[in-house]
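Engineer: If you want the building blocks of each chain, they are given just below.
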Amino acid sequence: MADIEFRVVSDRREGLLLELGRLIVASGFTLQRQRMTRGDEGVVLTMVVRGPEQNLLALEDRLGSHPIVQSFEATSVDASAAATAAAAPPPEPARPRTLMSDARPETTAAAPDPGRVEALLGALAREYPDVFNRVLAFEHEIAPAHREASTRYAGTRLGAWIYKRDFTLGARLNLSDSVKHIALPAMRQLLRGTELDGEALRIKNSPFTGIGLHRGASCHFLRGCLEGLLNEPGHLGRPRILETSCRNTGADACVFTFAA
Amino acid sequence: MHDHVIQCIHDPMLAALSYLIAVLGSYTALQLAIGIPGAAHSRDRTQAIVAAGAAMGGAIWAMHFIAMLACQMDVQVTYDVPLTLLSAIIGMGSCMAGLAIAGSGVFSWSKLGIAGVFMGVGVAGMHYTGMAAMRMAATTHYDVNVVAVSVLIAIVASAAALWLAFNMRGVAQMLGSALVMGVAVCGMHYVGMSAATFVPTSETVSAATAGGIGGQYLGATIFGVTTLLLATVLAISLVRQQRRALVRI
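Residue numbers (the working numbering), protein chains in the order written: chain A, 1429 to 1688; chain B, 41 to 289.
Derived from the structure by calculation, the hints contain no laboratory data.
Errors might be hidden in some of the hints.
As the list claims (entries may be wrong) - Have a look at the derived ranges for each label pair, beta carbon to beta carbon:
hint	chain 1	residue 1	chain 2	residue 2	range
1	A	Arg-1668	B	Arg-288	24 to 30 Å
2	A	Leu-1624	B	Arg-284	21 to 27 Å
3	B	Arg-288	A	Leu-1564	20 to 26 Å
4	B	Arg-284	A	Gln-1482	30 to 36 Å
5	B	Leu-60	A	Gln-1482	55 to 61 Å
6	B	Trp-149	A	Arg-1554	38 to 44 Å
What the hints assert, rightly or not - A short, non-exhaustive set of chain B residues, derived as facing chain A with CB atoms under 8 Å:
hint	residue
7	Gly-75
8	His-81
9	Gly-145
10	Met-208
11	Gln-213
12	Leu-286
All residues carry an ideal CB built from backbone N, CA and C; glycine is no exception.
Based on the provided sequences and hints, a complete structural model is requested.
Structural biologist: Shown next, in the form of structure tokens:
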């Protein structure tokens, strides 16, 4: 079980706790305590939740794509410290540590490593759009068991962030127009050699190919970015994004296809 | 044909200024409008629709009366106050309806068509009501075919501007839509003016212009509207910049 503190920023107060409480319960977590304040950035809801580690990414994903959530941060909380703090008035100030902590329970082999991803994300936001050196270094450093899932998850978070920053204003578009008017320009900010090929995206110069880390399709970070960009608006559901050909397997370009 | 008609000769500098005002107002209105689909509450949505529609209607109104000041005619003209106000209300109301339709739900061509009609009719309605507000010792006659063309220009160009504003992202969304909407407003106006013929009447100037306000008063109002539009652009830009910086990864 993991104790996680979420700091959620929203522009509305009414119904915020109720909506997010439902989402937490639906993800298999229980709400331990919460506090709501109003700050410069909007309404800030701080919640400590407890639940199975393997459900954490799903919960983060749901929070990140919820329409009333503007942004959120997650940090792990030492369960014993939290229990002490709750029991002894006046309460100890929470001493959150990031999910990078070595004491964090092991994640499953196919799951991303949330701690390392959280540490990477700050650097990606600072260095955006020049993110690839950082992501490539991350791919080399991370344990092979976590590599694909972690880079894809990092891509998802970056994609969602780019959407919230640069693409929220305007009409809700269908999948085809979202690829054309959101995914394409967003990916072009990262990689100039991105083109639309019918309903698919074609990337000629993916930096994730030929680096000897993957045997099959290797652009998990880019796939994650596209997922983040297209999932974040919310009204498209969760479109399936596949890398149908990759330069890593001898194709002349990496091609991503989209299905509702 | 009439034996003697009053010519309207446009001052090119003021005509250019009228386009600039149309683009500035369109930019302001469309920047407010593209926030409509993402509004979290119906109250926010209503506020965005009202603000965007008011900015668009105000811009059309300001453009029209700058263009009327640019129109140099050999006759004294004043403007009927109630009709002048009504012209602004028509422009604002129609634009609010058009932007509300364009900004609701998932984008579709049918919505764009209906929204384009509302916006175009708003531009044209404002123009022809504004023309009806003219008090002068002359009567205005229109070539119906050219009037129809002017309305068509307003509808088609408005729909194109809405498509750019709501469907695109980036520079095309921000600048492209404003430039095209400027064409909708000015294109409609100047084609509409070419449809008009002003024929002098035997009425005395003082009787014909009684009760209207002169161009100098309109100039002050136009200045006020333009200043408000500029201030709104600046405020939108600052607020969006601040919000963008606050988005956490």
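Engineer: Could you work out which earlier hints the structure fails to respect and list their numbers in ascending sequence?
Structural biologist: Every hint satisfied by this model.
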